[in-house]
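J.: Residues per chain, in single letters:
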Amino acid sequence: MPLARLLRWLQLPLDFWMVGIGSWFLSATTLVTLASQPLSLAVWLAVPGALLLSAVCGSSRYLVRGRALAPERRWVTLGVLGATSLVAGGVLSAVTSGVWLAAAQGPDSPRAPLVLFGSGAFFYLAAALYYAARQAENAASAAEQQSLSSSLRTREAELTALSAKVNPHFLFNSLTSIAALTTRDPEGARRMSLDLAALLRDRLGEHSEFVTLEHELETVRLYLGIERVRFAERLRVREAIQAEVLDLPVPKLILQPLVENAIKHGIAGSDDGGEVLVSAELMGTSLQLRVESPLERVGRERPAPSGQGQRLVRGRLEALYAGRASCEFAASDDRYVARLILPTELAAP
Amino acid sequence: MTSSVPPAPPLRAVVAEDEPLIRELFLEQLAELGGVEVVATCKDGLEAVRATQQHAPEVLFLDISMPKLDGFEVLELLEPGVSVVFVTAYDQHAVRAFEAAAVDYLLKPVSSERLAKAVARVRLDRARKDVAPRPSSDELRHGARPEGVWLDRLAVKDGSEIGVIPVRELRFARSEDDYVRLGANGREWLKHQTLGALEASLDPASFVRIHRTCMVNVAFVTRIEAETRDRFVVFLSDGTTLPASRPGERRLREVLGL
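One line per chain: the protein sequences are B and W, in this order.
Numbered by the working numbering, the letters in the first sequence go through residues 1 to 349 in order.
Numbered by the working numbering, the letters in the second sequence go through residues 1 to 258 in order.
Read the hints as simulated data drawn from the structure, not as lab findings.
All of these numbers come straight from a predicted model, not from anything done at the bench.
Hints may contain errors.
[What the hints assert, rightly or not] From the structure, some residues in chain B lie toward chain W, with a derived Cβ separation under 7 Å:
#, residue
1, Gln145
2, Ala179
3, Ala180
4, Asp271
[What the hints assert, rightly or not] What the simulated footprint calls covered on chain W by chain B, stretch by stretch (three residues with Cβ under 8 Å from a Cβ of chain B suffice, anywhere in the stretch; the number is not a length):
#, segment
5, 24–33
6, 58–72
7, 103–114
Note that CB positions come from ideal geometry on N, CA and C, so glycine has one too.
Next comes chain W alone, as it looks inside the complex (with noise of 0.2 Å):
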């Protein structure tokens, strides 16, 4: 006779670690637990991200200190739909974040109780027919990053291609809908984010909002001009032109120093 309940389907899974001993150990305990069919591994973040869009995959397993992105960069750049669960050896300040944005953490080196557990909550998460939205990124990063300490890049996703954008770079950001228009290196790129969140983890001294859609680096500013008397027209040394509202003008130039 045979069971007459069918075997849950397995967990297709990506593994992102970059010690590789690591690595081999968690897909050891993976194997030993069954149930999760590891569809591809990856050893930096960039990998990661790539791997997530190929293969789909229902749980990412995310490591956070990786080559290239880290873990919170990755998971900025994942479309919604696999729950994420992180692995890290200890991360004092991210921990309380995990537990918003991620189905489940777990630290390192990982029992294979826990990781049972672990493998148990995303099957709960999977099977829920209203899947929470994921917290966004943004709320992550802020919990993770200490006070004080201000983002010095940005992780950007455009089609296939990644890039990773070093915030001195960065001339402006405005916002369009759901997302951010980010001009810088002569070309622009969109992110799924909104602009107050972008705000909150870039350096005021550097990082302007001039309107309310709208926010410059200040090292690029080559002039402003009054349009009316509410409105002004910030010049870029690129050529790209900004709107500003009054107050954005007055904090512009309180930054600027004039």
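Same shape as in the complex, but just chain B (with noise of 0.2 Å):
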């Protein structure tokens, strides 16, 4: 709207100007129905009542801030609104009157200082009023905003603690293999219960919001470690990692229910097992980020990974990222794709 760029380029609030042009009007009017002065004349009477009406009725919204409308405090709230209108009005009839008469011109109806007074007073708790809703609506969708981001770090933080779960079925199938290496291989039972420590500590501590990527590989690549020494021949990993990618921020544990899910669903659930890939590249302004597994989906009516993982998934990025990111994810015939987006930067530019 053009006019309202203008007024704010005069950089007056918009509220004045209407208070001011719409007192104007109505002084005007009043003068010539009331008091029967010429229009021509009336015009220029009502300039100094509009003038000081919209100063006075601009200056309530200085009453009222820090006033809010709350319930136990609204009747303190309008009655010292009601005084202060009424002095308003006071002012009003009395300086313009005043300055009528100095001007020996205006109305000499006895009814015109009335008539001033009550429309002053009128108007200046119409003002305050109107500033008391604004700034109640204010407080309550600021408040509002204030509930809707903690409850989104609140929801955030538990899926956080949700990926971080360590699932039992690996924990003591990983102790099984662990006692089952200490005979044969030594070493071998040495280094995977090193591992099992370290995936536990990670898991267990405090978990900040974001690491870098390498980071985040370092854990998936100790839980694939894990995984290979269970299945064997079964498990393949292969990565596809750009260099340039290593540092950049990523939400700690937002792979790890989708290569979760790549064992459970790909490796676990077949004989020969097959290639688990996990990819990150930097495409245009966005880090991509992929798990790619096989799909064993032989009789079975859902062909892919319980909802679970991918909810998680989804939940955080939406939590974190507030739709800046996004996950995708597709089965082909005997491959099952996890694919997110994230952007480069933890915050809009």
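These two chains come separately, so use the hints to put the complex back together.
T.: Following this line, the structure appears as structure tokens:
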């Protein structure tokens, strides 16, 4: 709206102009109808009143500030506003009548000061209530924003905790594998228990929201390394990582549900197993992460992963990036692909 | 002098476990314990069913999560006569079910003492003349499956042939004495199960009991015709016709939204 832009350019609040023009128009009309002044004169006579009225009404904004219409204080606030609006009406009436008197112009009807007083008080009260309502609305929307962002944070924390949860099946099977290795491959048993300890320490520790991709990949390698001992030749792992993306920030454990799904559905359920591919590359200004796995779906109604891992990843991306990241899960004949697209910067520019 | 009590003959066992390391550990522990002769080891559920058929062992040590067929599906396909010991890493839903259906269940990693106890239990089980009938695998599955989760495939066996029917391809199931006849993909399978138990494990939004002896997959229904006031005929897309009772027909219409 060009008018609004013009007024903003004049560096005065829109309210001021609306009240000013409105009261000017009303005063002029009052003068014409009540005091039978000619229109041309009324237009000029209304100017001082209008200026004063808009200034007085505008000032109500400062009175209302910090005085929200909270239920327990509502009557006090209304009382204060009522009293000040009477004062405002009185001041308006006195000053305007004085100006008219001094200029020896204006209506000499005895009702004029009364009309001035009434309309001044009314305008003041209306303006004050308007400001009070707007302030209450602002406060409410700020509170809502606050609670929304805090509930998003809570949700994020819950989802991270879920991602960090160690699958008991994995844990007990790994311990059993270590027990098996102790006699036939003591060196392997030592390595695997150290790896398992590192993995548990990582999962049980504090969870920062973001880590570098390099750190995230280390975590994934630790996990896949342990699974490789369990599944032997059934699990082959390939990585395709661009060197320049290693320092980019990613949500901690964001890949974990994806590689767990890859093992659970692509490797554990299949006799021959197959290859799990983890890739990371820059795509324009976005980071693309992919986890690909074989798809075993013989006789399975739902070909692919439990929705839980997907929901976890989707929920975290939504909570952390608010629509600036996306994920995609697709099944072809024999491969399952999970793809994440993350912005390379944490905050919007 | 030799002992006058002859040693008990070894227990003939089949071990089914898909993770090689864990399998080897288990075999090692059985060997240490003694008195158990492992006649076959299997790395998936299909092999487990075949080996049990072929070797008729006294005990089957059965892992739950395995490729091809899981432990429950294996159990469904076994002939009675073998004592089953479940071996699992962690299965919160299933543990209670094991107690009813198997001689014993072991949690991985298994200690040698616990394994010895399980073997002793199997011997006791075998020594009993009146072998208690094994609770049906349906009961087991029912206990093991969380509320509101339906089967997505059925393991079936025809002689030595073992198959898996995706539930979405199952057209109908009819009861025949102690069996159900399953129609899927242009062929039929007989399965030792009651229709009621099957019904309880299938999604009621897809499968409707249209008759005391008959259940249908609504996805394949093409039309319904009234034969008499109380008897209806349901036609499937492959030409199969099924009988429906009056309440059955009403249930079917309800699910179909007619």
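J.: Are the hints correct? Go through all of them and say.
T.: The hints, checked one at a time:
Look at B:Gln145: its Cβ only gets to about 37 Å from chain W, farther than 7 Å, so that hint breaks. With its C-beta approaching chain W no nearer than about 5 Å, B:Ala179 sits inside the 7 Å limit, and its interface hint holds. Evaluation of the B:Ala180 hint against chain W yields a held restraint, the C-beta minimum of about 3 Å falling below 7 Å. Contact between B:Asp271 and chain W, as hinted, is supported at the beta carbon level, the nearest pair being about 5 Å apart and thus within 7 Å.
Requiring three or more residues with a Cβ within less than 8 Å of a Cβ of chain B, the coverage given for the segment 24–33 of chain W holds, as 3 such residues are present. Given a C-beta distance limit of less than 8 Å, the hint that chain B covers the segment 58–72 of chain W holds, as 3 residues qualify and 3 suffice. With a threshold of 8 Å between beta carbons, the proposed coverage of the segment 103–114 of chain W by chain B holds, since 4 of its residues qualify and at least three are required.
Comparing the model with each numbered hint stated earlier shows that hint 1 is the single one that does not hold.
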